[in-house]
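Participant: Sequence:
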Amino acid sequence: MNEPVFAVQSFLDEPRLPASVATTTGRGNTALAMMWFVAEEGRLWFHTPAFDGRPTPFLDAARENRQVAVMVATFDPPDDVRQVRITGPARLEAKDVARVRRIYERYVPEWSPDWADHAASPDALLWSMSPDRGMAVAYPGLENRPVFRWSNPAEGPFSA
Numbered sequence: 661m662n663e664p665v666f667a668v669q670s671f672l673d674e675p676r677l678p679a680s681v682a683t684t685t686g687r688g689n690t691a692l693a694m695m696w697f698v699a700e701e702g703r704l705w706f707h708t709p710a711f712d713g714r715p716t717p718f719l720d721a722a723r724e725n726r727q728v729a730v731m732v733a734t735f736d737p738p739d740d741v742r743q744v745r746i747t748g749p750a751r752l753e754a755k756d757v758a759r760v761r762r763i764y765e766r767y768v769p770e771w772s773p774d775w776a777d778h779a780a781s782p783d784a785l786l787w788s789m790s791p792d793r794g795m796a797v798a799y800p801g802l803e804n805r806p807v808f809r810w811s812n813p814a815e816g817p818f819s820a
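Numbers 661 to 820, taken from the numbering used here, label the letters of the sequence shown in order.
The set of hints was computed from the structure by calculation and includes no laboratory data.
Be aware that a few hints might be false.
As the list claims (entries may be wrong) - Here are the simulated distance ranges between beta carbons:
id : residue 1 : residue 2 : range
1  : E663      : T684      : 27 to 35 Å
2  : P675      : D777      : 16 to 24 Å
3  : P738      : P806      : 13 to 21 Å
4  : N725      : M694      : 18 to 26 Å
5  : T684      : D783      : 23 to 31 Å
6  : A780      : F666      : 13 to 21 Å
7  : R751      : P678      : 34 to 42 Å
All figures in this text were calculated on a predicted structure; none of them were measured in a lab.
Cβ atoms here follow ideal geometry from the backbone N, Cα and C, with glycine treated the same way.
Could you build all of it, start to finish, from the sequences and the hints given here?
Facilitator: Below you can see the structure in the form of structure tokens.
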């Protein structure tokens with residue numbers, strides 16, 4: 661199939677949808693977490709606490725440019741079952757308080773000084789992942805629909 665059956669970027673822009681993010685630790689164990697994100701500039705962006713200098717699997721993956729897997733999904737059968745599943749390299753990003761605020765504003769009902777302090781905190785780092793392969797699928801009315809898959813970034817819905 662050449663195109664997804666729904667607008668992937670519009671789906672990722674829907675407020676309050678969390679991302680399930682997976683990676684492996686330095687010891688090869690699986691790590692999985694639900695995270696807030698924003699999809700901009702062909703990447704998914706996350707803001708993760710560093711936990712007082714202790715290693716975190718997601719920041720370690722970003723620091724080492726390792727692969728992460730991300731799924732953003734709705735599951736409200738029978739009418740709204742949509743999934744975007746992507747994998748790609750993660751990387752640490754420069755501090756960008758405006759971008760972090762855009763992440764948080766997707767989930768926080770009212771911006772406050774506490775959220776502003778949290779967004780600017782040196783105890784959390786901004787990182788992103790670049791989708792290099794993935795799939796988008798929808799099951800309206802629980803009917804099977806064609807799956808849109810891509811295995812190189814130029815074929816995917818994130819290419820400009």
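Participant: Evaluate each hint against the coordinates.
Facilitator: Against the structure, the hints:
As the Cβ distance of E663 to T684 is approximately 32 Å, the hint placing it in 27 to 35 Å holds. Between P675 and D777 the beta carbon distance is about 22 Å. The supplied range of 16 to 24 Å therefore holds. At roughly 18 Å, the beta-carbon separation of P738 and P806 lies within the given 13 to 21 Å, and the hint holds. Checked against the given bound of 18 to 26 Å, the beta carbons of N725 and M694, roughly 23 Å apart, stay inside it.
At roughly 24 Å, the beta-carbon separation of T684 and D783 lies within the given 23 to 31 Å, and the hint holds. Checking the proposed 13 to 21 Å range against A780 and F666 shows it is violated: the Cβ atoms sit about 35 Å from each other. Between R751 and P678, the C-beta spacing of about 21 Å breaks the proposed range 34 to 42 Å.
When the structure is compared with the earlier hints, violations turn up for hints 6 and 7 and for no others.
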